[in-house]
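Trainee: Sequence:
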Amino acid sequence: MIMKFRFFISVFFFSCLFLTSGSMSQDYKLIKCGTIIDVENGKVQKNIEILIKDNIIVKIGQNLDRPDKCGVIDLSGMTVLPGLIDAHTHICINPDYSKRDPILYETIPYRAVKASVAAEKNLKAGFTSLRDVGCEGAFLADIAVKNAINDGLIKGPRMQVASLALTILGGYEDIRGYSPELNLPSPGVVVNSREEMIKEVRRQIKCGADLIKIYATGTVSDISRDTFEPLSQMEIEDIKAVVKEAKRWNKFVSAHAYGGRGAKNAILGGVRSIEHGILLNEELLDLMKENNVFWCPTLNVYRSLKGAKGIDENVLQYILNNHRKIFKITVEKGVKIAFGTDTGAIPHGKNAEEFVTMVKYGMSPMKAIQSATIVAAELMGWENKVGSIKKGKYADIIAVNDNPLDNISVLKDVKFVMKNGNIVKNSVK
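Note that the numbering used here has the sequence shown beginning at 11, numbered continuously upward.
Calculated from the structure, these hints are not laboratory results. We put the beta carbon where it would ideally sit given N, CA and C, even for glycine. Some hints could be false.
Simulated restraints, written as ranges between beta carbons of each label pair [what the hints assert, rightly or not]:
no. : residue 1 : residue 2 : range
1   : ARG204    : GLU293    : 19 to 29 Å
2   : SER231    : LEU278    : 23 to 33 Å
3   : GLY162    : SER437    : 17 to 27 Å
4   : LYS343    : ASP236    : 25 to 35 Å
5   : ASP416    : PRO119    : 43 to 53 Å
6   : GLY52     : ASN160    : 27 to 37 Å
7   : LYS165    : ALA318    : 28 to 38 Å
8   : SER437    : VAL54     : 17 to 27 Å
9   : ASP84     : GLN327    : 47 to 57 Å
10  : GLY52     : SER314    : 25 to 35 Å
11  : LYS250    : LEU194    : 27 to 37 Å
12  : LYS360    : GLU300    : 32 to 42 Å
Mimicking EDC-like on lysine to aspartate or glutamate, the simulated pairs with C-alpha atoms at most 16 Å apart in a straight line are [claimed, not checked]:
no. : residue 1 : residue 2
13  : LYS400    : ASP64
14  : LYS134    : ASP423
15  : LYS401    : ASP48
16  : LYS346    : GLU292
17  : LYS319    : ASP232
18  : LYS131    : GLU363
19  : LYS377    : GLU388
20  : LYS56     : ASP84
21  : LYS377    : ASP416
22  : LYS401    : GLU50
23  : LYS343    : GLU300
24  : LYS257    : GLU210
25  : LYS400    : GLU50
26  : LYS254    : GLU205
27  : LYS346    : GLU50
28  : LYS274    : ASP296
29  : LYS53     : ASP416
30  : LYS377    : GLU342
31  : LYS250    : GLU206
32  : LYS401    : GLU59
33  : LYS403    : ASP64
34  : LYS346    : GLU300
35  : LYS343    : GLU293
36  : LYS69     : ASP37
37  : LYS254    : GLU210
38  : LYS79     : ASP64
39  : LYS63     : ASP37
40  : LYS63     : ASP78
Model the full assembly from the supplied sequences, consistent with the hints where possible.
Mentor: In structure tokens:
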């Protein structure tokens, strides 16, 4: 009996060893690149190979040694880049939200399902990471989608989510325009004191938020028709309290801030990034650079407002002119610009249209690509995980037919997407 048991153990051990070694060899993939864009050095390299073990890049170079049974992915006719990052998205809304507000007509579970579809569209467009800056009233839906992606239940980008943004009573994201007798939900969470702000930061983080979003200014309809000054919604000491509490939990704070006093309060209050910044000026840009504050300009979403109902055309034209002018100045000053689209307010999967506008407004194609890779990764605190094709980072890799440094619009048609070492799209011919 003992001899049989020993024989069984021996067979079991060697079987496990064989299966383990076999599966280990299958974990390797080698990508043969035609052209590769090195975003860290701002250079282009030819005929480079990338060796991937599981989900991690382990070696980059020419004519690499291949482990046994290593899978080969031939992208030798393509331009290869790191997976892109959109640092300003809203997966819980779609562009039709202005006609039929989902917070009034759709359940949160239904919005979570729609958000999962939106997440996959972003991924297949080449955006392997998202910073989702507000669920627009679909509390926990963005967190649920992020968790489902991480657990392998659905396909989507790796994500940071802000869930419910903090706003003030009567401010932007406190639903307005309906009878005050109605008890309606709000797209954001209303906070009426510093104590409530701190409590809400803790609640959001407890529920799974990865960053905190605040509304430091109002929206387009809150801009003065006379001075073009945006509504300031939070005092500097309130913002400092939010930032301090978020920092306790190692989280960053993002501020929706158009310009003026609200943006200045946000910058001096210690936020990580200014979102939109359509009415920034040189004084504010200098403060941003001095305080290492990033800018997510979201250029195209405001261009899409032309002819929209309820938008003052004079205000909109002022916004568009200033946005374009200040973007060019920001590039020249060297303030950190992170790629962000406000996708959700514009169609999911069409994120790369933003690259075309950034280049049109004065940014080089390389800088535009860097804004959606290493700069956005730094903004998120993920610079050691994603944002470049580098040993030790996740294997988030995309490929396009032509060189985007020659024609940035090719990023609108990504042919190959790998996220975390897994191919999620391959239409390479």
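Trainee: Of the numbered hints stated previously, which ones are contradicted by the structure, given in increasing order?
Mentor: none
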